[in-house]
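Student: Read off the chains here:
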Amino acid sequence: MADSKISTASATPDLSEAFKSSVARPPSAWQKGFDRVFKNVAYAFGIGVALLLAGVVFEVLRNARTAIASYGFAFLTTSVWDPNRAQFGILAEIVGTLYTSVLALALGGFFGVTVALVLSQGFVPRRVELVMKNVVELLAAIPSVVYGLWGIFVLIPAVRAPSGWLNEHFGSIPFFSTRLSGPGIFPAALVLAIMILPTITAISREAMAAVPKRLAAAAYGLGATRWEVIFRVTLPTAIGGIFGALVLGFGRALGETMALAMLVGNANVFGWSLFSPGNTLAALLANHFPEAGKVEVAALMYAAFVLMLITLAVNALGSFIMLRTTRELKGLG
Amino acid sequence: MANAALTQAPAATGPRTSLRRTIGNRRTLGNSALTVLAVSLTLLAMFPLFSVLYMLIVRGGALLSPSLFTELTPGAGMEGGGIGNAVVGTLVVVAISTCLALPLGFLGAVYLAEYGGDRKLATLVRFAAKVLTGLPSILAGVFAYATVVVTTGSFSALAGGCAMAILMIPTVMLTSESALLAVPSKMKMAAFGMGATRAQTVLRIVIPTAIPGILTGVMLALARAMGETAPLLFTALFSDYWFEGKLTQPIASLSVLIYNFAGSPFEHQVSLAWAASLVLVSIVLILNVTAQFATRRPEEQ
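Going line by line, the protein sequences match chains A and B.
Heads up: the first sequence begins at 1 in the working numbering, then just goes up one per residue.
Heads up: the second sequence begins at 1001 in the working numbering, then just goes up one per residue.
Warning: the hint list may mix true and false statements.
[Unchecked claim] Only pairs whose alpha carbons sit at most 20 Å apart, straight line, appear in this in silico EDC-like list of lysine to aspartate or glutamate: (1) A/K133 <-> A/E59; (2) B/K1188 <-> A/E59; (3) A/K213 <-> A/E228; (4) A/K294 <-> A/D82; (5) A/K39 <-> B/D1118; (6) B/K1188 <-> B/E1244; (7) A/K294 <-> A/E59; (8) A/K213 <-> A/E59; (9) B/K1130 <-> A/E291.
[Unchecked claim] From the derived model, a few chain A residues whose C-beta atoms are all more than 10 Å from chain B: (10) T66; (11) L91; (12) Y99; (13) Y147; (14) W165; (15) P212; (16) R214; (17) A218; (18) V295; (19) S319.
[Unchecked claim] Short derived list, chain B residues pointing at chain A, Cβ under 7 Å: (20) A1038; (21) A1045; (22) L1049; (23) V1131; (24) P1184; (25) A1230; (26) L1233; (27) A1273.
Calculated directly from the structure, the hints in this document are not laboratory data.
Built from N, CA and C at the ideal position, the CB exists for glycine as well.
With the hints as constraints, model all of the structure from the sequences given.
Tutor: Take a look at the structure:
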């Protein structure tokens, strides 16, 4: 069989006879045409995703343009939300968004990095580590509206008594100047912290795992204890990735909506007290959009545009840091 | 000079950094204390998950019965009823968004993995997808409101599906891309060697091999979409009636039901919010765990 094939091939330069009895053959015209169509369709869909992002930015900006024209910069520096008199300003929401997110970042970052350390530095057996890693990932799987429900019926009642005690004894400190009467900044920030913890843990754990083992081994060889190795070798080496994780976690906190809309209190004022109600940009959108009239929708679109600018800037910064640190770590490997 | 340094160094640091570890040693003690602290903080960080699950089972489980899934949501102050319309609504909205997001995300991934490579356009597309993953979900709702709700003039299931699709696309695309890239290039080379076109290779070799990874991405995207509330609030809105096959009308969903009933002054509606949460979290967790199993298998082989 094989002999006959070779002889036909050498006798005539036309290979079509040989291909007939083999699986391999050049593509037919139809197949070539299909290939070209397939390629173009894939290109179109790839570009489509880029256009989708451009479309989101464009649409929000286009709908906000009347509000941008009529309220201008003052929109960002005043704190009124009065659809009846058509006066709008989102200073309280901008500050509230940053305040809750910074609080969440401080809490979620501290816990998140600690969890990442415990799950990457051999504190617990490999199997337990895997189980705990999955449990932390499930924290991210719980929908934020369920966290909101949990916050209303579990967290707020639990925080109320300590907030009263803190207000009574440390009321002169601005953070404790009020007591928690219902929803407020602190329960909202606490739930936010829970929600961004898995992101921070997953990314910083990866950064810690990427630290070459021999660096830690060298420190152990010099007689360092486990925590001396962590503080002087692992953390300094992985600091870029951890920082990137914190920035990305911060970005998530800024845009988180439901838990805040349910827990932050929806008050158009800003106070330093952890137990006073406040508002955030995303919560403002969630609470006002469904029943908004034409003028209010334009103002909400402006607020959405501000939220988009803030989150895109923070996320771009986070991605940039991650990109740079993965490049740097390659040199150490 | 060098010799002197060598002999002096251990003598100078010897007594301070002894290799011997006793319980009373300050460094050992500090080390153990930090370990205990870190492990307890880790356990504390996992506490909310268990607290949420406990509450869901206790408060949500109380209402669990077949009628929960077959009856409509009750009005204010009324007893009885269920969450049937919300369960159906969530499935409809997610189905719409999957139909929109799957082709776009998946073929976009084929472009990135097979044709894009390191080209500038591909880098741009990848960057756009990454930015979209970080887009606050409420902004997807704002976009769908501006495009679908404003042009059609009403809140609708279709608008909700569009908003949700924007959130699913980047997840589907980025996970599918890494699944496609993980297919050994030897297999592709073999296909090319047999005279297959790139389209044939992708459709018959690359995609079937990458299917587990792609399915994982789809399931994770589905799980994320199921629980999203913000994009549905002012696109799909809510409806107290059954879905009648009209995509241009408002539609109920589990997540919006939870949001609406959580703030309700009526105890029964709050209980229904817990029951809906239990149903929603069960679906989401099942999808997540299945996705994790699907990814683990190829690693073990």
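Student: Looking back at the hints listed earlier, which ones does the structure fail to meet?
Tutor: 1, 2, 6, 8, 9, 13, 19, 24
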